[in-house]
Every structure is written in structure tokens, then in C-alpha cells.
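Could you slot chain B onto chain A? The hints should help.
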Amino acid sequence: MNQFFTLLVNGLSLGCIDALIALGFVIVFKATRVVNFAYGSLLLLGAYVVGSTHESLGFAGAALLGVAVTAVLAVLLGVVLLRRARLADPGTLAILTLGIDILLATELTRRIGTDLLTTGDPWGADVVSLAGIQVPQTRVAAAVVAVVLVTGFLAVVKFTDWGIALRASAEKPATAALMGIRLSRVAASAWALAGALAATAALFFTAFPSPGISGTVGQAALAAAVPAAVLGGLDSTTGALVGGLAVGVTATFAAGYQDQLAFLGRGFGTVAPYVVMLLVLLARPSGLFGSKEIARV
Amino acid sequence: MPPASARSVPLTSDGHAPLLQVRDVDVRYAGAVRALHGVSLAVPDGAVVAVLGSNGAGKSTLLRAISGTLPFVGGSITSGSVELDGRRLDRLDPATIARAGVVQVPEGRQVFDELTVEENLRAGALATPRRSRGRARDRVYDLFPVLRERSGQRAGLMSGGEQQMLAMGRALMAEPRVLLLDEPSLGLAPHMVARIGEVIAEIHRQGTAVVLVEQNAAMALELADLAYVLEVGQVTLHGPAAKLAATDDVRDRYLGISAAPAGPPPTGPPPTRTGPSLAVDGVSVRFGGVTALSEVSFTVEPGEVHALIGPNGAGKSTSLNVLTGVYRVASGSVRYGDTELTKLRPHRIARLGVGRTFQNLALSPSATVADNLLLGRHRLTRAGFVTAGLRTPGARREQAEQRRRVREIAELLELDGALDRPVAALSYGDRKRVELARALCAEPTLLLLDEPVAGMNAEESARLAAVVARVRSELDISILLVEHDMTFVMGLADRVTVLDFGRRIATGTPAEVQRDPEVIRAYLGTPAQEAAR
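Top to bottom, those sequences are chains A and B.
Numbering of the first sequence is given in our numbering, commencing with residue 72 and proceeding in unit increments.
Numbering of the second sequence is given in our numbering, commencing with residue 2 and proceeding in unit increments.
No wet-lab data here; the hints were simulated from the structure.
Possibly wrong hints are sitting among the right ones.
Claimed, not checked - Partial list, derived from the structure: chain A residues whose beta carbon lies under 7 angstroms from chain B: (1) Ile235; (2) Leu249; (3) Met250.
Virtual Cβ for every residue (Gly too), placed ideally from N, Cα, C.
Chain A on its own, in the form it takes in the complex:
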């Protein structure tokens, strides 16, 4: 039983990180209808910037720099892509992001080489023990940061002009433009936010108990973001949160009960979120919170 609760708490804290990652993925899709496969590399970029500067700038300075650099690059990416985004086929744009992902990931992997960078975070490998449940300190920090960021984000979306512009242009872009909402600015701000979220998530995604920053971090992050975003509904921020938590919990349980699940083969924890995603899509083809596509006769 204790193992169950330990896994649950650890799963939820991992889910918080996954939710941050998925949120950035979903914001871009919501604002621009672009499935952003370069998102994993953006996260890797954030991690790389932090990993290579924390010795001179300190953790906080490096983290801020990482967030800023990633946000700027995300905006450049979005603006370059978006120059044609409203007219181009979303499928083409998705493939374009795949290409960017490969370029960026290759270059970053080359720079990282065989080193194993760390973020230099202050929590290290310390573990908190609460009523017999053991959680790494990084995960506690991740959960706190995620809750603060997500609550803040949802409040901004709900109450501010920017939030209304985002929701309006997500639902009916042509009509939003007719109301004087500048779609390109909404899109650029969504990309910036996505970049910042990716870099923030990278801080925790690469911290203990993960081994550190290597070239595969981007793929691993994307592998968590895609099922989380898709099972949540791809264009729903609430969906990204629920999806992220579901993916984190599923992966942690599948890994924790590995011995009992041995008949499914090793490494089932990586696949389990996708199984959950498929089951959800079978029951609800638009995801848990996604808006339904309606075809007109």
C-alpha cells in the first residue's frame, strides 16, 4: 500500500512537469493550429542554456537566461513559420516543425557531446519524507512551480484582454481578425509563452531523479507532451493539465509495478501513456476536453 501512495505522489509530481510541457504544446496549437514537433528541441535548448551557464551565472540567473533564450527562439520560429501559417496547410507546417526539430536537436546534441550536463539546481538529490512517502525535493519544487504557473496562466486566460484575444482567435480566427484582433501578435505571444514553459519544464525534467541533460531529453519530453496533449484534446489548456497528470501517473505506475507487468516486456512505462491515450481516443475521439470538429453537409 505504501508503495502505491509513493508511486501516486511521485506520479503526480512527474505529471506536474508533464503538464507544463503539454501546456506549451497546446498553447501553440490553440493559437495557430500548428502541431509543434520542434517543441522537444526547444526544451532541450532551454536545458542546454541552463546547463552551460549555471556555473558562471548561478542557478537562478541561468534559469532566467534559459527561459529568455528559449522564448525568443520560439517566437522567431513561430514568426518565420507563421508568415505563411494562416494560408498553409497545417500538415505542411507540422512537417516543417519536424525538420526544425531535427536541425536544432542535432546541433544541440553535437554541442553537448558525451558530457552529461546538469542544471546545477539547489535541490540536488535530496529526498523529502512525508508520512513514509519519499519524494525528491526537485519534484516538490516542480509541483509548486507548476501549480503557481498554471494557476496564473489560467487566470490570465480567463480574465485579461490577452486571454480573450487568445480564446477568440483560437475558436474563430477569421472572425477574431474582423474584430481587430491581430492574429500574428496573439500567435507570437503564444510561441513566446510556449518557449518559456518549455525552458521552465526543462529545469525539472532534467533534474534528479533524471540523469541530467543529454541529447535525448528533447525526444523524451516530446514523448510525454504528445500523449498528454492529445488525450486532453490538443486545443484545451485544461486538457493539457489533466493529460499531463495522467501521463505522469501512468508512466510512474507502469515503471513502479514493472515486476508485476513483466509479461508486457521491459520498458512498458514509456509505452503506457500511449496506451492510455489510445483508450481515451477510442471513447472520445476529440480527447477529454477537445472541441469537436463538425462537418457541414
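What follows is chain B alone, placed relative to chain A:
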């Protein structure tokens, strides 16, 4: 006085330059299809200008040209200009045009379903300074008290009429200098149309210029100071609204009242036939809380050409969608011969011999005409992909037979010269005939035509009328026709059923229906004795 010539560049009556000026605008879609041709339009400050015309005439395209939304649908202005107070708008993006003071209420309302009423209104005011928003909101709430009552409700849950009010209120939040309205009365009940009309009059009184695109000519001409009539992408008439409303041309175009039928002479009594008849009995259709059809009944006799007419939103397309099994009825029955259609899936109904054409062409543009037509014969083709792939003698014989029949039908529709050309290379009128041929290739016994002449010019439409008359007599089928073009309908139909707001208001021969005071009211809104003179 006859309306002014369509060629002169319009000025306001006192000779001042108008607030909004559209000058000689050409619009093309996908670089090829020309949707507007040298259209000029002038909107004096504070005036209501109506733009009339049938489906496909280019009304919405004109509004898109003004509001800068053509790129969203693959169109562009290829020559001419749009100016607001001397400032060129035609190279600007929609958001900048809206910020300049030209705000459009799009067709179909397009409220933000997921946002509350209040958030929708805020979305309309994002481009304006914060301090003026409170005033704008008060003004909108005064115009539409219902929006104040429902301010916290999600817009997607409101009725069509309330959504139309919200869409207008949202646009007014930006305090526009020119308000563009695209079919605001579409699909609304009469009292709601009247209410929307009052609000437009009030907006006008408060000094905002309005461009009103409407198929409801009665409403538009009553509200407008000036009116323009568009036909196949060109302005064919314009002038003061009151004068246009009194001209025979406008009466003719919207009701086919004044002129003799310009289509082919009636083809005489329908051939006597013993095929099945289509009986629609007491059919009602509801979408959510909205009643789209209410207790509608009519019968299409074997061999008859029966027309279903009515203003936009009357329920014509809904009726077709019921007949083809796309929509479910709330009550009532549809029988074709001995078969009840309301419970059947669309492909089962097609197999009973009920064919249809689509208003928006459902053809494969890169395939040749012949291949499109062969696809129409799919239901009658037995060879599977294995036998066809192996080219067995049976499959080859069948293939040859199918091609022979396709050629016959193409000849009947005067398309035999175009069989090997891709559909995309044909003119719009020709493509409409290919659509008809595709439906005929399934060998229907009852053919449903959904606005076959929409977007055609007078010549093309007369040619299609001749073709349909020939199809009916040679192929011996019944035809149910949904159409706006009164000249086409009156020249072709044996009987006409008129719908208005989901109810049947008349059935009879074309001559009877044209004299029916209810019908005249529904179309032109003029008192019966005046219109029927």
C-alpha cells in the same frame, strides 16, 4: 425615374466624396475564378446601403473585399481600390481595417461559442481604448437588453436570434464608422427579423453607416437609403432604395412577377407515368430549440417538375436534407412509393433511386468529366477491384457499357465535347451541368436539384432550364427543384411549393403562386394589392 447607370462612379447626392468608396474592384479566387467584375459602391457617411442579389452573385465576396478577409478563402483583389475617407484599405489586413473603423458582422453570426456574452463583447472592443469601452457597452446593452440579462451565459447556448444580436453588439463595441452586415436576417423567425430591422434603423439613427447584404429584399429595401443589385459579380442596378423597390426589374428578379417566363416554354403536361410518387407529410425538424421545418407537406407526382422556393432560411435545404436522409425528422413522414424514407440512411435512400445535386459542387476537380460521371455510376457497377484489376472479360464488357451510357447522358446535357477535360478547366455553368450529369448517371427515378442555377448568368440559366426540361421528358423522371431564381422556377416547374420560416405558405401552379398575397409578402414585403397589379 430609372435607377442610375451602373457604370458611373457613384457619388453622394450632394456631390461630396462618400465615406467608404469601392472603385472598380475585380476579385478572383485561386487566381482563376473571377467573382467580382468592376464593382463600384459608395457609402455616404451615416447612410444605410443595401446590397441585393441572388446566391452566388458576389455579395459576400464584396464584403470580404472591403473587410480584407478574402485571403482566408483563397481570394484576392486583382484590380481596383477600397477607400475609407481617402485612405486605401485594399492592401491592409483585416485587423487593421477593423481598427480603421470598418467592422464586419460575418454571415452566420460567428459568435465565439466558448466565450460568455460579456467576453464576446470584450473581444469586439479589444482594438479600442479602455476608457471608451464602458460607454460602448452601455450603448450595446441599451440596443439589446437581452444581452445584459444573459451577460454571463456561454454564447454557443443562445438562440439564433440572440446570437445575431450578440454578433451585432460585438461589432458595435468597436464603435465602427462603417458597419458591414452579412445576411443578418438569415434563418430567423419573422418577429426576430423585425427586431433586427429596428436595431439597424436605430444604429442608422445614431449616425453609423451600414452596408447591409441581404437576400431578404423586403427588409433590406425598407431600411436602406441606397441599394445596389449584384448579378454574377457585377452591379446591374443601383440607386435610391425606394426607387429600386418600385422597379419592374427588382420585382422580376425576386419574384418573377412582372415579366413573362424567360426560360423555355412550358413543356406541356407532364408525361403520364406510373412510377412512385414522393409524399412529404407533416414533417417537422428541430435543431436544439430551433424549429427549422414545421408541419411541412407536399407531394411530387411521377414525372412532375416540382419547385420548392422561399427566402433564405425558409427551410428549403433542410427539406432536401430530410429527403436524402441527412437530417432526422422530429415528426411526420416521407414516403417514396411504398418506402418510408425517414428511417433510412443516406446510401439506402440513394439506392431507391433518389439522386441529388449539391449547391456547392461535389465534383473531383482534377479528374476528367468522364471519370466524374463514371463515379456517379458506382452504384450500378458490379465489378469489384479484383475483377476490374484483372480485366476479366465481364469487367471489360461492363466498363464499355458504363462508358456508353455516360456518353449518352453527356450528350443529353450537351457535355459530350468536354468528356475528356478535367472538371477544373470548365466554366462554372458547365461544371453545374456536370454535377447534374453525375446525379443522372446513378439512373435516379427522382432527382433533387439544390439551387442548380445559383451563380449563373441569365444565358447559362436559360440553357440549363432547357436541359432540365429535356432530361425530364427523355429520361422520364420526377424532379424536385430548390431554387432562388424565380424566372428559372416559373418557366420550368409544373407546380410550386413556397416555404417561409419553415412553414408551407402556398402550393400551386406557378401562375397561382405568383398571385398569392402571402408569397408576395414573404418575398417583397409589399402590400399585396400594390404588387399584384
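Against the structure, the hints come out as follows:
no.: 1; hint: Ile235; in the structure: holds (5 angstroms)
no.: 2; hint: Leu249; in the structure: holds (5 angstroms)
no.: 3; hint: Met250; in the structure: holds (5 angstroms)
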